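2 protein chains.
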Amino acid sequence: MTDIVADNDEVNDDQEDRRLSASEDQTPRSFCLQSFVNLYGDEPHLSRFDHIKHYAKKHCGSVTFLCCLNIFLDKIPLLYCLKKYNIRKNLFGDIIAGITVAIMHIPQGMAYGVLTTLPPIYGLYVSFFPVIIYMIFGTCPHLSIGTFAVISLMIAQAIEGVVPLPMDMINNTTIVSNESNSLLNNEKVQVATTLALLVGLVQLLLSFLRLGFLTVYLTEPFISGFTSGAAVHVFTSQIPSLFGVKSPSRIEGAFKLPKFYIKLIRLLFYKINWISTAIGIISIIILFFSKYFNERYKSKIRIVLPCELILVIIGTVLSHFVRLDSKYDISVVGEIKRGLPSPVFPSLNSIDKLIVPAITIAAVSLSISISMAKMFSRKHGYKVSSNQELLAYGMANVISSFFKCYPSAGSLSRSVVQEGSGGKTLLIGGFSSIVLGSVIIALTPLFRSLPMTCLAAIIIVNLKGLFYQMKDFIFYFHISVLECLLWTITFTSVVLFDVDIGLYVGICTSFIINTIRTQKPRFVTLGQVEHTGIYKNVVYFPSAHQYSKIKVLRFDESLYACNVPFFKRKFYELIDIHLEHSPIISCREDTHKHADKFNFKYVILECSTFNFIDTVGVKLLIEIFNDLKRRGIVLYLSECRFEVRHTFDAMKFYEKTEFHIIYVTTHDAVTAARNQLNRASTPDHTII
Amino acid sequence: MTDIVADNDEVNDDQEDRRLSASEDQTPRSFCLQSFVNLYGDEPHLSRFDHIKHYAKKHCGSVTFLCCLNIFLDKIPLLYCLKKYNIRKNLFGDIIAGITVAIMHIPQGMAYGVLTTLPPIYGLYVSFFPVIIYMIFGTCPHLSIGTFAVISLMIAQAIEGVVPLPMDMINNTTIVSNESNSLLNNEKVQVATTLALLVGLVQLLLSFLRLGFLTVYLTEPFISGFTSGAAVHVFTSQIPSLFGVKSPSRIEGAFKLPKFYIKLIRLLFYKINWISTAIGIISIIILFFSKYFNERYKSKIRIVLPCELILVIIGTVLSHFVRLDSKYDISVVGEIKRGLPSPVFPSLNSIDKLIVPAITIAAVSLSISISMAKMFSRKHGYKVSSNQELLAYGMANVISSFFKCYPSAGSLSRSVVQEGSGGKTLLIGGFSSIVLGSVIIALTPLFRSLPMTCLAAIIIVNLKGLFYQMKDFIFYFHISVLECLLWTITFTSVVLFDVDIGLYVGICTSFIINTIRTQKPRFVTLGQVEHTGIYKNVVYFPSAHQYSKIKVLRFDESLYACNVPFFKRKFYELIDIHLEHSPIISCREDTHKHADKFNFKYVILECSTFNFIDTVGVKLLIEIFNDLKRRGIVLYLSECRFEVRHTFDAMKFYEKTEFHIIYVTTHDAVTAARNQLNRASTPDHTII
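Chains as they are written, first to last, in our numbering: chain A, 7 to 694; chain B, 7 to 694.
Here chain A stands alone, though its shape is the one from the complex:
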């Protein structure tokens, strides 16, 4: 590491005076990187082994029994909550919030239960068991775990894949006997619980492997596009129920949308039930109106009006006394068993067919839940750990799969209410479960006359939040082309194809977009802002000086394989070297172009933008250095980070080029170039 700098001899002579000054009137001085590092630097070269030793020392140095116990207790955030619990401050709010959410859980649970093609009682189970377990392991008090529209739809798809509908039900020709129906339901419930077990295991595995960080790849535009697209599917799946068409609501097909709509329209034309439609539409209007009312007078009345529950009660009472089902042939919920299920080990029969849907559902459920939890944590300033959340979701799904539950997830609409109704701690879930438990034990048989169209109305109105998300498209459209593209591709592929295909398309698009972003960055010419050592883009700072015969460039991205060809083309373009051959039949205008070919003697590339460089990038810089040398041009680099210099070292960059081509700052490099030019007899100080 000797001082090999040609024009830097003064630096060592007067080390007292080594301040970097940009003023024109002083003697120009410049720091070559090597001498700078020699003077000030101390670059430790830790081997990989040293790193591991260091890490082990830091983490295992103070292992005590207490620490181990704390690590274990750390996994049960409820304990912290209880330890710090302030009864006077929190209890009332938590109870109110718990009851409010429980009241929402009842109709939503039944509605989403129907959406999974299972009997509605199973939705209530999912509103009960997972909530208790999330209370123990979860970290976000405002997240309402339970049934969720998009997940319910995906469960319905998974069930259909394993338990196909019998032909007579599809053709709707014969009336299905109660017995065969309950057999079919049993089979479906088995599939759903297996699915919950698998989803839970996937989430637990991710948590144990501490792969919670993977959720960062599920970015906001992706989740927004995905859930908006899924909302379209949920909506269309509810149309037959709403219009009282007695037919399996979902029709399969690879290219889903067009086929589905044609069938749907045909069904609606022939088999519409006007009374069911009327009830459904009135329900929707009532719900919308009361939700608006709630929103409007939220500040004045503390307790939210339980509009959905009121609708359910009115609907049930009306239907019971008018005998809607027998007189007007309207589908109703039907007989519901009372009481909590006893624990049963989920069947493991169709595991092989369920693994792929389980992974998909696990991914969707955790991405939606975690993004919601993070949103609340930002708003209220508490910490949410992705790995702990994964543990909570996993435990919730695994344990509740023993109690005939299907996979659960956080629901946006309930979580917003849970947040708004004044609850502060994890105990909300406990109070909510107490209410739910009593309903399941005592009140479920009362709902037997509830018309299905009311449940469809509840689902449709609850989609409001997801549909409202579509305005994100406009937000991204204004701010970032690529994020907008990600949103659009995800949304369209979910709507046109299917929820799971859309999920994978969206994830692939995320990764591709991260690459595309670095493809064609700006490549700008810099100039010196007068009297300072600052170099700025000459387009935005037109007064910035460019010295003749010196070109200062900056490439606004790390240089690596995927943008190397772009860099090369643009680089030569910017320094006016034309690599292309002359045309076959020469046009005259082109000839004078080559006159000013060798305009520049020094090209300075500012590397402050290179956050990393790969082997292809280094090879290109070596190639360019040697090519420019042949043309009599000198290439200087400036402001290279340690990471980049490390790769240079590994690739033996300095052996293939020259040692002193790297300068500390751009200004140093320019000063060095100007000194060289001055020395070359022609005092060329003119400014372009």
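Keep in mind that the hints were calculated from the coordinates and are not lab data. There is no bait here: all hints are sound.
Note: identical chains are not told apart, hence a pair may lie in one copy or across any two.
Simulated crosslink set (BS3-like; lysine-lysine; CA at most 27 Å straight-line):
| # | residue 1 | residue 2 |
| --- | --- | --- |
| 1 | 635 | 607 |
| 2 | 635 | 574 |
| 3 | 625 | 526 |
| 4 | 385 | 297 |
| 5 | 59 | 576 |
No experiment lies behind these values; they were computed from the predicted model shown.
Place chain B on chain A using the hints.
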């Protein structure tokens, strides 16, 4: 754009003196970005429409007939070559190179023809037609288009997918009649030509859409890993031929390697033909030896010894006179038709089954060929355009598909010989084709007694280059973990699964790696290098000063969705704010940790590393700014690029934070912070 800077009033007073000076003894002064832009900047806000207008003006301003003609002629690089052709200088070298390559083409064409499961004559066709067409449209004189091992193997797989082997051939129980064999061959040839047509059309489409830039995603580690892995498959496919085992050489299977090897070993145990094995191994030894000889004495003798051709001739003569086929039951090439095929339109019967293999083959063939062409262009300094190359490959495949050719690609072994034998221009291909044409017309029947084991030996020896590539693994291992990972994943998935699955796995891995690279960048504390305005990582520059109560940080990557959680965690860690809650059972050591909690009053984040920022990143900065404000800490940003500021503007960053938090340089921000600290009565100049 008024001057809203609090501590910057002096700037406007003495504008004469606005030089940036870092010296301690002068009055510290600092540039807030806004005032800096006001003073020097001029940020043009071009609308998207203006951009298009500008672009149209630039490109369509001077459209003349001559230009159009030139654009057309530009697509035929042979014309340039002929225009500039120097007979005295180039002709001799080109003829020698042409003949040398043609001599290599003959045995390789037959060998790779056999590898595709077609009769060997079709390999010779592929060595003839595509070469002529590439000569017209191609740009790289050293690239030898024709048969290539990996592509041949993939063609064999595609053919097997459409034309399954008859059961009796698989079980090898009966001797297949000549008639059924020729019928089968006809069918196979049809599939192969259809495949060539489709591959060509895919490549032409890519060329017309100017998607040649997509080849940048096929990075060097990927191609190296892929071809090395494919070489393993080519090698194993030749083992049965080499050992004289009369059985279909390839065995299908999703998880290929273990099954394949078990079957292979079983075959070898029972049906090995010792004479064939002996001939094969002797051939391999002779080839290796003569290749070594060629390499060694390359500089002394100009013409390369045609070792492969010699082996073929010796093999044929020996086999003919000893009657190897009838006496020792050794497979020979068999009857070969003489003459060139007349043009036939390829059959379009099994297009639907061939589209996916065609896309895969097109991708592999163009990535291998283009990467080779680029390698030669770097070495010899001529320009290779990916779009023009794509056009050339596409035309070669489409046109030659009418002449019973299967898909072609560049071959590494032949290209190296073509380069080494002194040829300089595209005419090499022409001379090579003249030789090949005469061989096909006159000499092919002579090869009927050539033992297959000799062809297997030729293929295996030619794999040397691809196997030798495996040392790339060690190269990448030393330089870049991620590139090494890409190589390994691609190689392993090709070897373990299959060539096409490996291709897709490798491409996905490339994209994922580009994202992973930006996940956990360095996040460093900066200090001022004494007497300069330069701020460097305090780990590598231990003498760099850190002012008390001021923390200067730099995050070595663009801030966007995928690294936002990491940024946040690390940021708070670096400024000693612990977001984690205290443990349930408090250990005593932890208590004193919180004493120095509010150590810093100013946090400065250098944003020179942000090449872009996305909406999530901006939201995080806003969140951090407001959180720090609540804790009584001020956040400054410095050195933000225009791109980043543009996103700030779009996200209304300044409305949600404060206007003057961005400074031009880090030094400006530090100076501003120190001024503020000084003003706050305590003259805190001490240096940590």
